[in-house]
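Colleague: Turn these sequences into a full structure, and let the hints steer you where they fit.
From first to last, the protein sequence lines stand for chains A and B.
Under the working numbering, think of the first position of the first sequence as 1, with each following residue one higher.
Under the working numbering, think of the first position of the second sequence as 1, with each following residue one higher.
Heads up, a few of these hints could be off.
Only pairs whose alpha carbons sit at most 30 Å apart, straight line, appear in this in silico DSSO-like list of lysine-lysine [claimed, not checked]:
(1) A:K666 x A:K544
(2) A:K381 x B:K185
(3) B:K185 x A:K776
(4) A:K771 x B:K260
(5) A:K18 x B:K188
(6) B:K260 x A:K649
(7) B:K260 x A:K776
(8) B:K29 x A:K115
(9) B:K264 x A:K649
(10) A:K776 x B:K264
(11) B:K108 x A:K18
(12) A:K669 x A:K503
(13) A:K669 x A:K400
(14) B:K185 x A:K297
(15) B:K172 x B:K264
(16) B:K29 x A:K117
(17) A:K771 x B:K239
(18) A:K649 x B:K185
(19) B:K264 x A:K771
(20) B:K188 x A:K649
(21) A:K771 x B:K188
(22) B:K29 x A:K106
From the derived model, a few chain B residues whose C-beta atoms are all more than 10 Å from chain A [to be verified]:
(23) P3
(24) G52
(25) Y121
None of these hints come from the bench; they were simulated from the model.
The model shown is predicted, which means the values in this text are computed figures rather than measured ones.
Where is the CB? At the ideal position from N, CA and C, for every residue including glycine.
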Amino acid sequence: MTSIAIGKDIIRKEAWDKVTGRALYNADYASPGLMHGVLVTSTCAHGLIKSMDYSEAQQMPGVKAILTGDYHPMLTGPVIEDRPPLARDKVRYYGEPVALVIANSKAEAAAAASKIKIQYENLPTVDKPSAAMSKEAPLVHEHIDQYRHVIPEVYPQANSNIVHQVKIRKGDMNKGWQASEVTVEGEFFLPQADHIAMETRNTRAEILPSGDIIVHSSSQAPFGVRKLISQHFGVDLGKVVVNVPLVGGGYGGKAPIQMEFLAVMASQAVGGRPVLIANTREQDISASPSKLSLEAKVKLGASRDGILQAGEYTFIVGTGAYADSGPRMTGSMASNCTGPYKLDNVWCDAYCVYTNHTYATAYRGFGHTSFTFAVERAMDKLAAALNLDPVELRRKNLIKAGDTSPSQVILTPSRLGDVAQCLDKVEKLINWSEGSRVEIDNNRIRAKGVACLWKTSDSPTDAIAAAIVAFNSDGSINLNVGAVEIGPATKTTLAQILAEKMKMDVNRVHVEMEVNTRVSPHHWKTVASMSTYMVGRAVEEAAKDAINQIISLAAIAMKCSPEDLALGQEQVYLKDDPNIYIDLAHIAHGYKYPGGNTIGSQVIGRGTYVMPHLSSLDRENGKGKPGPYWTPGAQAVEVELNLADYTYKILRAATVLDAGKVINPKSAKGVVMGGMSMGLGLGSRESFIYDQEQELQNTSLRSYKVLRIGEQPEYLVDWVETPNANAPFGARGIGEHGIVAIHAALVNALSRAAQVELDQVPVIPELIWQKREEEKA
Amino acid sequence: MIPLNFEYYRPETLADTVDIFDKLDAEGKQPMYYGGGTEIISMGRMSNLTTGALIDLKEIADCKVLEYQQEQLVIGSSVTLTQIHETNLFPLLSQAGARIADHTIQNKITLGGNLCGTIIYKETVLPLLLSDSQVFIAGPGGQRTVPINSVFKERMQLGKGEFVAQIKVDKKYVSCPYVHVKQTKQDKITYPLVSICTMAVSGGIRAAFSGVCGFPFRSIAMEEELNDRSRSMEQRIDKAIDLTPGPILADLEGSMEYRKFIIKGLLNSIINQLEE
Chain A
1 MTSIAIGKDI IRKEAWDKVT GRALYNADYA SPGLMHGVLV TSTCAHGLIK SMDYSEAQQM
61 PGVKAILTGD YHPMLTGPVI EDRPPLARDK VRYYGEPVAL VIANSKAEAA AAASKIKIQY
121 ENLPTVDKPS AAMSKEAPLV HEHIDQYRHV IPEVYPQANS NIVHQVKIRK GDMNKGWQAS
181 EVTVEGEFFL PQADHIAMET RNTRAEILPS GDIIVHSSSQ APFGVRKLIS QHFGVDLGKV
241 VVNVPLVGGG YGGKAPIQME FLAVMASQAV GGRPVLIANT REQDISASPS KLSLEAKVKL
301 GASRDGILQA GEYTFIVGTG AYADSGPRMT GSMASNCTGP YKLDNVWCDA YCVYTNHTYA
361 TAYRGFGHTS FTFAVERAMD KLAAALNLDP VELRRKNLIK AGDTSPSQVI LTPSRLGDVA
421 QCLDKVEKLI NWSEGSRVEI DNNRIRAKGV ACLWKTSDSP TDAIAAAIVA FNSDGSINLN
481 VGAVEIGPAT KTTLAQILAE KMKMDVNRVH VEMEVNTRVS PHHWKTVASM STYMVGRAVE
541 EAAKDAINQI ISLAAIAMKC SPEDLALGQE QVYLKDDPNI YIDLAHIAHG YKYPGGNTIG
601 SQVIGRGTYV MPHLSSLDRE NGKGKPGPYW TPGAQAVEVE LNLADYTYKI LRAATVLDAG
661 KVINPKSAKG VVMGGMSMGL GLGSRESFIY DQEQELQNTS LRSYKVLRIG EQPEYLVDWV
721 ETPNANAPFG ARGIGEHGIV AIHAALVNAL SRAAQVELDQ VPVIPELIWQ KREEEKA
Chain B
1 MIPLNFEYYR PETLADTVDI FDKLDAEGKQ PMYYGGGTEI ISMGRMSNLT TGALIDLKEI
61 ADCKVLEYQQ EQLVIGSSVT LTQIHETNLF PLLSQAGARI ADHTIQNKIT LGGNLCGTII
121 YKETVLPLLL SDSQVFIAGP GGQRTVPINS VFKERMQLGK GEFVAQIKVD KKYVSCPYVH
181 VKQTKQDKIT YPLVSICTMA VSGGIRAAFS GVCGFPFRSI AMEEELNDRS RSMEQRIDKA
241 IDLTPGPILA DLEGSMEYRK FIIKGLLNSI INQLEE
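Modeller: Next up, the structure:
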């Protein structure tokens, strides 16, 4: 059957508003009497707050209130409550909010903020994750064992910086190593980095005389915000209303809750008046949460024929000064630690540790972006040790239906997809067979690298979604969901799913772009590449519910059995004679008989969804089901390296994902290209740079570089479609996946070109030079 | 957003400009001259700027000149990098300017602003040093025209209230063979790891550098070594690098050793091109 909306390049519904600059983002809205909050952030990475003098700031014009950690003290966090919204007594990272000035205008607040004088007594700092593990390491948190656990499955170790540990124990390691004729080991480092969403994080809050707390926020988690504001401010859940308009990029960075606490506190301090707190770019980089760092050790063993026999993985995950979702990501990394390869003997120890750096939160890929680099570099080392082509080694070991994941989920075609097809396709796209290292002339080398990936949701086991489908009197539909439009055209994709189910024109499906927690049905969070899947399932169910209502009513009006009727093109018609029909418009708000009697009323479909059978990871062996399915893929990069100065160009970058079903090809390609662009940025230039005192050095876009137009390669994106049996039209999530292995493919290519082992990112020309010099010496 | 309050003046003559400066200074307003404003905006929003008044130089007729006057190319200090690039009257200067920041910012940055700002790179000074340009300076003590090689020592040596009004370049230098290279840490649009401007004149190769030390410079001593054809290319370059007028930078852009490696490579290729 030909589809109406699925597989079509539908232009996103808000496209014209966005390209003409008319679309409004959260901080674009002004409200009468709006006050502004400006943060004062720590200039010390680890220290005691000895004194804070805000007497001058208090006298400045327009200043209404100055808040410090003693105002409404609380500890927050999604896994373990360890973070005060404003530092109390001590600071744990450079950039940590220590005070908040509220004034009539932003300029007045900023002027006063610059007059606050704070004295710190410096404490010794913790820099890298491995340093945090040392017995002698200074403690970032002295009383780690006293924090409240939000979820039971978190295991902080008293008197240490270890906030969580995950173990994977699968198979028999002794057996695995005995069968390994060739082993390789590698150590890898991926530093912290930032999301660099185009819209910096911001929140506006007010407290009405009724006691209702109204929050407007640039957030991926409006329902999470509502829950935590309710909990921490002691207000009934329903009295907190969180509104989220279009969001200018999230990448995980807008899933945690930080600005929202501050904005509500600020409003509280000025009698409930509305207060906007909006990060500058510098604050968004240094004060708000970032991407985690990882030190990884990977040891792989294989038999001489190139079959993996054993894999041992040690991940030390730097979550920065506060845990946030670091423990969850640690679990996510451990439970997928092998990458998409069959390994019967797996041992993984993953630690989540505190450091004196900006705290980490979800970042596109939820930890996969980091550990996949280590795994895929190790696979290239193994290929070299076995004298096997890197594509061939991967092909021999790809995981298949019938195998089990590291957390012992039994894989089926529906759950896993088809990695082998992805690898075959990407091999052709990048033209691997023409040679993976070619000398162009004396100085220039062209080389290719490949890497594979997989990722599942790693979501809570009780994450839910819902949809409301309400009909207008002309037969068109208003679709209302709790997913936020953070950029990937999710709302348009959902409209396509609904249009297909209703067999009607997608232009007749109107989607509410904003989320209001009092109006929109619940959605867990817009994260984990799960919105199309979870909300899509709810939309399907809502469509089914609406169709039942429509057909039942039409059956009465048309004096027949519901079984005799079908719906399509906004008509309900007789299956055996489509020329006899009734317009949907005449049903949508009830059917009116000639003479005026009316039966039925507005058709409103409802649908909900929860992912079934997810389970937490076992503390001792890591057994558990972390997500409903995986999206696998393969990526490749071609570079041209200049040996005279080690500069390089990224010529081409290719991705093939098993998308299950591609609902909107152009949107999907754009999302994957965006992921690739971010990943190439991490591979080639992006990282936080800290000095000896752990002060963040590159807090602005002058020094924190992202890929610019003109620096991008040619992007090649293609698909494999192995449906997921539970997903709408079989579609697997693809939102994050473009980033996951692309830097590994890049660095595999660069290592091959330069003939040195590059085991960290970003790879700048100086790093290649340095490795070549070390090699010479 | 700039949280600072300041007065704004936009005089149209050199004389008015100096008068306004004197008046504001006497009032204790710590006046500053304003060219393209890119540094003022970026420092202002970080609260790293203290001034009570800005004097915009962009409407002063003398500062807007961009033309040949007899045998000299005259470039007003308010001329933007984009104007310099688009008119291309001094190709080496065009190229050096076209690698500063990005196009949007080049529309704002003025020649005078780049020469006199706080940024340590000031890449537009390199072609001016090579071409023995003259600097026309206005100030409370009157007007003076001085060789750039005497007034630019690490930075423009201006007295209180003085500002650069014009740069004058002898026509003969404008068409000399030249090479400009800017190498960065990684990105095309960023500060230089090393930026080198070179020019072949009758006496040999002239070379000026930015990103090598904490200030841009042209060194006669280094030029002498580079032009010493009695030695091997490697010796010429090694000798020259030993004579930098300050320690070679080690910072976020790169280490000292890597900079040396890059400078050597670049000088080698530049000299080969110019001596062909």
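Colleague: Sort out which numbered hints this structure fails and list those numbers smallest first.
Modeller: Hint 23 contradicted; others consistent.
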